[in-house]
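Residue numbers (this note's numbering), protein chains in the order written: chain A, 1 to 64; chain B, 1 to 795.
Incorrect hints may appear among the rest.
Taking lysine-lysine pairs in the DSS-like style, the calculated list, with each CA pair at most 27 Å apart, reads [unchecked claim]:
(1) 528(B) to 567(B)
(2) 315(B) to 222(B)
(3) 123(B) to 32(B)
(4) 27(A) to 123(B)
(5) 738(B) to 728(B)
(6) 367(B) to 315(B)
(7) 27(A) to 528(B)
(8) 286(B) to 27(A)
(9) 63(B) to 286(B)
(10) 623(B) to 482(B)
(11) 623(B) to 122(B)
(12) 482(B) to 619(B)
(13) 122(B) to 27(A)
(14) 528(B) to 623(B)
(15) 567(B) to 281(B)
(16) 27(A) to 567(B)
(17) 367(B) to 27(A)
(18) 619(B) to 646(B)
Just so you know, the hints here were simulated from the structure itself, not pulled from any lab data. It should be emphasised that the depicted structure is a prediction, and the values quoted were computed from it without experimental measurement.
In case you want the letters, here they are:
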Amino acid sequence: MGVIYILLTISIIVAIIFFVAFIVSVKNGQYDDIYTPSVRMLFDDEIVKKTKKDPSTSAKTKQS
Amino acid sequence: MIIESTCYHCGSNCDKFVVAFDQKEFCCNGCKTVYEIFSSHDLSCYYDLQSTPGSIPKEIEGKFDYLDNKAIAQKLIEFSNNDIQIITLYIPHIHCSSCIWILENLNKLQSNIVVSQVDFPKKNVRITFNSAHVSLKEIANLLTRIGYEPYISLDDFSEGKKKMDRSLIYKLGIASFAFGNIMFLSFPEYFEISEYWLEKYKYLFRWLMFVFSLPVVLYAAKDYFISAYKGLRSRILNIDVPIVLGILVLFFRSTLEIIFNWGTGFFDSLTGLIFFLLLGKFFQQKTYSFLSFERDYKSYFPIAVTRIAFHKNKKTEENIQVYDIKKGDRLLIRHEELIPVDAILINGNAQVDYSFVTGESESVSKKSGDQIFAGGKQLYGAIEIEATKSVKQSYLTQLWSNDIFNNNRSLVFNNLTDSISKYFTIVILCIAIFSTTFWLFIDSSKAIHVFTAVLIIACPCALALTRPFALGNMLRIFGRNKFYLKNIDVIERLANIDTVIFDKTGTITINKKSDIDYCGLQLTVDEKLLLKNTLRSSNHPLSRALYNMLAEQEIITLDEYQEHLGKGIEARLKDHSIKVGSANFIGSSSIKKEQNTTVHISTNNTYKGYFTFHNRYRKGVKKLFDTLDKTYDLSILSGDNTGEKKYLKQLLPKHTSLFFDQKPENKLRHIKYLQENHKNVLMIGDGLNDAGALAQSDVGIAISENVNVFSPACDGILDATKFEWLHKYLNASKSTMKIIRSSFILSFLYNLIGLYFAVTGQLSPVIAAILMPLSSISIVIYVTLLTNWEGRKLA
């Protein structure tokens, strides 16, 4: 029945790891601005499109 | 019908002139230039994310020169390491996803900007740049050129930026972590299964629960202990007293239970209780991070000013901090700049707009040698002034030395929950003592058990959650309807209001627009043509307003044109001459004095008549006053002259009292006087001159045309477009308080059920673990549904 000690220890360690991860993320300011990242993640496509393009051929044609 | 074209960049109407470029239409050259900048840098995507996201770029000439001053720049920059510097700028125009996109791609426009990151709710952009190659001034200028002018005020100067308080999130995290784990650990014992391994390990489980509950009681619940202690010390039984009593009893009884092996204890209920309470606290903390309710003159004032110095008879200009202005300094105030200090006008023609400071609706012109007070805005052209005081001693800034700005009202205010909890605590203690004495005679072994059970079950969790959830939800609903409140207490105070006081200028009138009437002899066609063309050349605000009002005329070239600053204009076309301006300038003795702003006209030296500028009132003012008149005492407290008195008298309900020529201190005193007569006063104002009154009143609300620009310290900011719905907000506050009262009854019912179990000595951990969350959650659902339903009436 010693296995229950091992399981308990593991489960609590896992729980504490996640808990620490949460505290660290709060500390790093992840929850300070919870709106802008949701908009920012939608931009990636446009930024890639712009950087890939050669400036000299920047016609006004839009790819969709 | 002409199809109106809108600007591709900013979306405003291109009335008469359309600037066409690249098959797109722009309202002005400014917008076109921004478009050119973007399209030449491959950033035209800006217009795809959101249509017409831009704003017309402002004139910048010299405006940010002060950023070259090392001492000033250093105060603004938050991090500096070798050549890498970081600055956070507040940009009021940030409003859509295009804004985020363009500001985060600034390095395409200026390669020395390393990273720029937008915080949308705060309307901030944090820019990391290479200071060896680009200066702070160049960045500010770049932002302004593309229509994102940063707003830098004296407020940015104050030392030590406020750190974000994240302790509530930590506490909530700890409480939920412990709550969840303890629930798991205590789950087996809920069913009282007597299996071998459960019997063997239950001690381990219990002690684990004890360990988990320690940080919750010691850290997460800290605020409740502090608040209860403070309350007791000032002899107030606030709601936190019974809560703390419950927490302590829960914790010590549970600990004793596991030490002496009486049972599992109530650790699940204990952590659950604290978790729910913190959740309520979290919910009531809705902050509008892009608004500030604590602003004083500092966020209205510029950070720097141009000083004119004389070096060996040579005039030089230098930028100095506003605080460094000394008596006798010569200052240069540019077009549209703010006068930061009491001064004497030396040079130039001052046309000063004091509407924000004094409530006077019209700008005043000043002659050389006249006294100018701090806070006015120079409307056109540059002027030179000589400071007569330092900034802190100026007339306007002195208002902030009044005590009212230093005491915290929330400490004085006694809210509904606390007033109920006084009786609640006493009743609970009585029940506990009675039932304990009763059990002492019946079964003395159970007496202590019953005593603790009563205190545990009566812990007013649901009661304490009602207010934060009901008011917090209403606060959000108000926010969605453009009525932004500082905190939830304001709603409760709003519900108790019986007197409403309005400021006039900018509050019930619209600052920018005025109605113009003509009174006098009919003008002939020729005269109208001449008048319109005369006004075209003038930049005076009154000329512009009049020009826009008059009918379209053919454009002609005048033979003679002369503008006498501060007096009027004179013009001649062939044998017709015209004079437009003040009564003195026209020189007719028969002109009767008018209180309102007037512009007089004479042609060929014969007096014709005058145009009167009336304040334009907000839409629905009359209706709002008529509605409010039924339940509230109304009055108007204006800093303006009595010019509009007659009109207001007939517009507003009979009982409305009107006060004019009120200085900021008068307003404050008037409200104090009403409060001494036991009135609950709601003050509605807009400018710095109302700041004292807003702070003194029970609830001070600032009306704002644009919530992003400055508004004085207040309890709430109401968007001007929603002004006519003010009574709806007041009614909604009242109904919210009714909802809270009704939910109190519901939570008392839960308490009664719980007390039945407690008094009869049947309270087991399972019942507590069911009853506690059940009551809390159902109360939360109840108030949320009802407030949402109430909120629908607002939309």
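Exercise. Given the hint that residue 122(B) pairs with residue 27(A), does the C-alpha gap stay at or below 27 Å?
Worked result: Holds, at about 19 Å.
Exercise. Residue 367(B) and residue 315(B): Cα distance at most 27 Å?
Worked result: holds, 22 Å
Problem set entry | residue 27(A) paired with residue 567(B) [C-alpha distance capped at 27 Å] | violated, 62 Å
Exercise. When you check the alpha-carbon spacing of residue 27(A) and residue 528(B), does it fall within 27 Å?
Worked result: Not satisfied, since the Cα-Cα distance of roughly 69 Å exceeds 27 Å.
Exercise. Given the hint that residue 623(B) pairs with residue 482(B), does the C-alpha gap stay at or below 27 Å?
Worked result: The given pair, whose Cα atoms are some 20 Å apart, holds under the 27 Å limit.
Exercise. Would the pair residue 27(A) and residue 123(B) pass a check requiring their Cα atoms to be no farther apart than 27 Å?
Worked result: Distance of about 21 Å is within 27 Å: holds.
Exercise. Quick one, are residue 738(B) and residue 728(B) close enough, alpha carbons at most 27 Å?
Worked result: It holds: about 15 Å lies between the C-alpha atoms, which stays within 27 Å.
Problem set entry | Pair hint outcome, residue 528(B) versus residue 567(B) [Cα-Cα no greater than 27 Å] | Holds. Residue 528(B) to residue 567(B) sits at ~21 Å (cutoff 27 Å).
Exercise. Is residue 63(B) within 27 Å of residue 286(B), Cα to Cα?
Worked result: Violated: residue 63(B) and residue 286(B) sit about 36 Å apart, past 27 Å.
Exercise. Given the hint that residue 286(B) pairs with residue 27(A), does the C-alpha gap stay at or below 27 Å?
Worked result: holds, 20 Å
Exercise. Regarding the pair residue 315(B) and residue 222(B), is the alpha-carbon distance no greater than 27 Å?
Worked result: violated, 62 Å
Exercise. Quick one, are residue 123(B) and residue 32(B) close enough, alpha carbons at most 27 Å?
Worked result: holds, 25 Å
Checked against the numbered hints above, the structure violates hints 2, 7, 9, 11, 14, 15, 16 and 17; every other hint is satisfied.
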